[in-house]
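A.B. asks: Chains as they are written, first to last, in this note's numbering: chain A, 25 to 104; chain B, 21 to 188.
Keep in mind that the hints were calculated from the coordinates and are not lab data. Careful, some of the hints might be misleading.
[Claimed, not checked] So these bits of chain B aren't anywhere near chain A, every CB distance computed over 10 Å:
{"hint": "1", "residue": "Lys29"}
{"hint": "2", "residue": "Glu30"}
{"hint": "3", "residue": "Ser38"}
{"hint": "4", "residue": "Asn67"}
{"hint": "5", "residue": "Ile139"}
{"hint": "6", "residue": "Asp141"}
{"hint": "7", "residue": "Phe151"}
{"hint": "8", "residue": "Gln161"}
{"hint": "9", "residue": "Pro163"}
{"hint": "10", "residue": "Thr172"}
{"hint": "11", "residue": "Arg175"}
{"hint": "12", "residue": "Arg179"}
[As the list claims (entries may be wrong)] Facing chain B, from chain A, some residues (calculated, C-beta under 10 Å):
{"hint": "13", "residue": "Gln33"}
{"hint": "14", "residue": "Asp41"}
{"hint": "15", "residue": "Glu63"}
{"hint": "16", "residue": "Gly68"}
{"hint": "17", "residue": "Val73"}
{"hint": "18", "residue": "Leu74"}
{"hint": "19", "residue": "Val83"}
{"hint": "20", "residue": "Gly86"}
{"hint": "21", "residue": "Leu90"}
[To be verified] Pairwise CB distance ranges, derived in the manner of DEER restraints:
{"hint": "22", "chain 1": "A", "residue 1": "Ile49", "chain 2": "B", "residue 2": "Thr172", "range": "17 to 27 Å"}
{"hint": "23", "chain 1": "B", "residue 1": "Asp118", "chain 2": "A", "residue 2": "Cys79", "range": "26 to 36 Å"}
{"hint": "24", "chain 1": "A", "residue 1": "Leu66", "chain 2": "B", "residue 2": "Pro31", "range": "31 to 41 Å"}
{"hint": "25", "chain 1": "B", "residue 1": "Ser81", "chain 2": "A", "residue 2": "Leu82", "range": "30 to 40 Å"}
{"hint": "26", "chain 1": "A", "residue 1": "Ile49", "chain 2": "B", "residue 2": "Ile98", "range": "48 to 58 Å"}
{"hint": "27", "chain 1": "A", "residue 1": "Ala89", "chain 2": "B", "residue 2": "Glu174", "range": "26 to 36 Å"}
{"hint": "28", "chain 1": "A", "residue 1": "Leu66", "chain 2": "B", "residue 2": "Thr102", "range": "50 to 60 Å"}
All residues carry an ideal CB built from backbone N, CA and C; glycine is no exception.
Spelled out, the chains give:
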Amino acid sequence: MAKLERYQQRRGLVAIDGAMALIFILLIVQIWLLGATLEAFLAGHAGAVLPAAICSGLVFLGCVALDLFVTRVDQESRKP
Amino acid sequence: MSLLPSPSKEPLWREEFSVFTSDERYVTRRQFAKFLTLTSLGMFVGNLWVLAKAHFAKTPSFPSVEVGEVDEIPVRGIKLFTYPTPKDHCILIRTGEDQYVAYSQKCTHLSCAVYFSAIEDRLECPCHQGFFSVRDGSVLQGPPPRPLPQITLERNGARLLAVGLKGS
Chain A
25 MAKLERYQQR
35 RGLVAIDGAM
45 ALIFILLIVQ
55 IWLLGATLEA
65 FLAGHAGAVL
75 PAAICSGLVF
85 LGCVALDLFV
95 TRVDQESRKP
Chain B
21 MSLLPSPSKE
31 PLWREEFSVF
41 TSDERYVTRR
51 QFAKFLTLTS
61 LGMFVGNLWV
71 LAKAHFAKTP
81 SFPSVEVGEV
91 DEIPVRGIKL
101 FTYPTPKDHC
111 ILIRTGEDQY
121 VAYSQKCTHL
131 SCAVYFSAIE
141 DRLECPCHQG
151 FFSVRDGSVL
161 QGPPPRPLPQ
171 ITLERNGARL
181 LAVGLKGS
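Bound-form chain A, shown alone:
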């Protein structure tokens, strides 16, 4: 029984680490997106601003979903 619990915990930990790595990658993409948007806006290409804001919003929603996933997996793996 203890062996099964330890296995489930380890599986949960791997899932959490994977989700966090994904959040990190999404964050880097979002930082780049903000820099590129600002650069385009300052260069006078205002047309790129709206699609960039939508993409950034989608990336943020992805981060929220992954954060919720991390919370859920963490709670499940801690269940007695």
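Since the structure of chain A is already known, use the hints to place chain B on it.
C.D. replies: What follows is chain B alone, placed relative to chain A:
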């Protein structure tokens, strides 16, 4: 007054390494994931801010300022002036018999003053070898990320007027 350290109950190593592992506050994975998500929210807010800036930005109005007389400078010659404010230095170039172009003198890389090279027929930034086309101010070579802002010119009889700024 004694130069010797005062006797203490604690051993010396404990006095020098006063950080205790048990008192440290560890960041859990959940907290770190939350922190990353909040940073992502910050980036999104930044994008929304740029969007709001682009949406609510007023179209700037520029004054009409006399730059000089038509025949004041020779063909391939230049004249320096300021536009739209006295702090914004610009360069007027006579590229042909009846052709004039004017650009902001501030390089879009690190704001060094660009000059006109008549031999190479381009605008050059001496700081990092950034070259701009004299035709439209576009970047020909080097680190500048954007073209030079172009001054819109109008001819009023024998006078040349600066009336606007493109790509600022």
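A.B. asks: What are the numbers of the hints the structure violates, in ascending order?
C.D. replies: Violated hints (numbers, rising): 4, 13, 22, 23, 24, 27 and 28; every other hint is consistent with the structure.
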